[in-house]
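Trainee: Going line by line, the protein sequences match chains A and B. Residues 1387 to 1571 (this note's numbering) are what the first sequence spells out, left to right. Residues 581 to 863 (this note's numbering) are what the second sequence spells out, left to right.
Bear in mind the hints are in silico, worked out from the structure with no lab data behind them. Careful, some of the hints might be misleading.
Listed next, the stretches of chain B that the computed footprint assigns to chain A, with coverage defined by at least 3 CB atoms under 8 Å from CB atoms of chain A [claimed, not checked]:
(1) 591 to 598
(2) 620 to 627
(3) 654 to 663
(4) 825 to 834
(5) 839 to 853
Distance windows between CB atoms, simulated [said to hold, decoys possible]:
(6) B/Glu633 x A/Arg1470: 24 to 32 Å
(7) B/Glu799 x A/Thr1391: 51 to 59 Å
(8) A/Pro1531 x B/His860: 53 to 61 Å
(9) B/Asp760 x A/Gly1434: 33 to 41 Å
(10) B/Asp714 x A/Pro1531: 36 to 44 Å
(11) B/Glu633 x A/Asp1493: 39 to 47 Å
Predicted model, so just to flag it, every value in this text is computed and none were measured. By construction, the Cβ of each residue, glycine as well, lies at the ideal position given by its N, Cα and C atoms.
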Amino acid sequence: MASYTFTTPLTSEDTKQLVAGDTVLLNGTIYTARDAAHKRLVDLIEAGEELPFDLEGSIIYFVGPTPPKPGDPIGSAGPTTSYRMDSFSPTMLKNGSKGMIGKGKRDQGVKDACVEYDGIYFGATGGAGALLGKQITSAEVIAYPELGPEAIRKITVKEFPVTVINDTKGNDLYQMGRAQYEVKD
Amino acid sequence: MREVAFDDVVKAVRDIILHCGTDLPQDTYDALVTAMETEASPVSKEVIRQILENADIAKDEKRPLCQDTGLAVFFVNIGDEVKINGGLLRDAINQGTEQGYTDAYLRASTCEPFSRANLKDTVGYNLPAIIHFDIVAGDKIDIEYAAKGGGSENVSRAKVFPPAAGKDGIVEYVKEVISDAGGNPCPPITIGVGIGGTFEKACISSKHALFRDIGSHNEDPEMDELEQRILVEINKLGIGAMGMGGTKTALAVHIESNPCHIASLPVSVNVQCHSSRHTHITI
Chain A
1387 MASYTFTTPL TSEDTKQLVA GDTVLLNGTI YTARDAAHKR LVDLIEAGEE
1437 LPFDLEGSII YFVGPTPPKP GDPIGSAGPT TSYRMDSFSP TMLKNGSKGM
1487 IGKGKRDQGV KDACVEYDGI YFGATGGAGA LLGKQITSAE VIAYPELGPE
1537 AIRKITVKEF PVTVINDTKG NDLYQMGRAQ YEVKD
Chain B
581 MREVAFDDVV KAVRDIILHC GTDLPQDTYD ALVTAMETEA SPVSKEVIRQ
631 ILENADIAKD EKRPLCQDTG LAVFFVNIGD EVKINGGLLR DAINQGTEQG
681 YTDAYLRAST CEPFSRANLK DTVGYNLPAI IHFDIVAGDK IDIEYAAKGG
731 GSENVSRAKV FPPAAGKDGI VEYVKEVISD AGGNPCPPIT IGVGIGGTFE
781 KACISSKHAL FRDIGSHNED PEMDELEQRI LVEINKLGIG AMGMGGTKTA
831 LAVHIESNPC HIASLPVSVN VQCHSSRHTH ITI
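The whole structure should be built from the sequences, with the hints applied where relevant.
Mentor: In structure tokens:
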């Protein structure tokens, strides 16, 4: 397991180096989107319309933060469970996005799309919202403010800690880790 | 008849929500420290270290522990010699919930089931709270509170077994539920198991079981033994912290058992994430 530091946007050259279990510190711009925002983005892609941000090399963070306290850019901001985005993520990867940050397992369609389009599924520590929120230095709602916590935010992260769950070779850290520690009677 | 002011209940509820949003209860913190020390996987150990660091940051800087600040769930025992002056107890708890979630900058996670609208004027600010009332003897109001997140609630399940399923059937069912859940409910988890009663009684019992302090023992030695048996089996699954592989998938299993119909054995499994925000006050 290796450790890397990357600045967004990511390229295929970046993502192909990564193997499930590697840890990465991310710097730069990331976009937040959850269920409702994904639905709208994929609808726009399918209709051939312009998106509120450039997908090329982008990383999407599955998060619905708490409201910021006065003076803070954002509140607590840990990952939400990713499987709810499974039906949308392959379209995002196909159209240039290079990675996602969430928690919990993905379906085969997402894993296959990671292989086909050089995408990475990163895991961040669920429930560590205070810690992760502190690694976000700026946040701005750029689309769908009516969705509240589910609005799309453009955020800047500094040394944001993530672990590679699904890599570009089809590996899955959840399966590998569990197989290693499962005790069969 | 003892009289309690409506506003005093509002303030007490607001205060526990503020506290629970940022301060991980000591029982949970201690259990996570033990889990970190005994976890065999270095990856899971690091995850638990981050969880504990998060708890320290949240407490010191008064930041929400998790962005999923949950639905507010209450179990309320009201003494038969108490009267609320100035309004209904349910309204006081809801007002306290709204004030607590607002003042602590907690996320409004309540929405309409189909439109998914999250608007103050339709569903209120994280309202309504989920409140389970009971009437008991005495002149006190006992309020148990927990913030219940969505990730762990989504993997919870219930089933009515035939009586012959017995303890072995329950152990296998809990294993199946937790195995399917993997890392989604944010392990290391606490598992509430409601047994017996009717379908809904088992579900409510499994929820209430999560309010018990981690590390405490079941008063019923038979259930205590069953809790330990299930815990050992769950930790053999290898799921580990956040599903990354490891030996500490669950911190505790808590059972609440009730008498049931001669034809049925209802079982409910309710899961709580590692951020087990819960507390108890008496007014």
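Trainee: Hint by hint, work out which the structure violates, then give me just those numbers in ascending order.
Mentor: 1, 3, 5, 8 and 11
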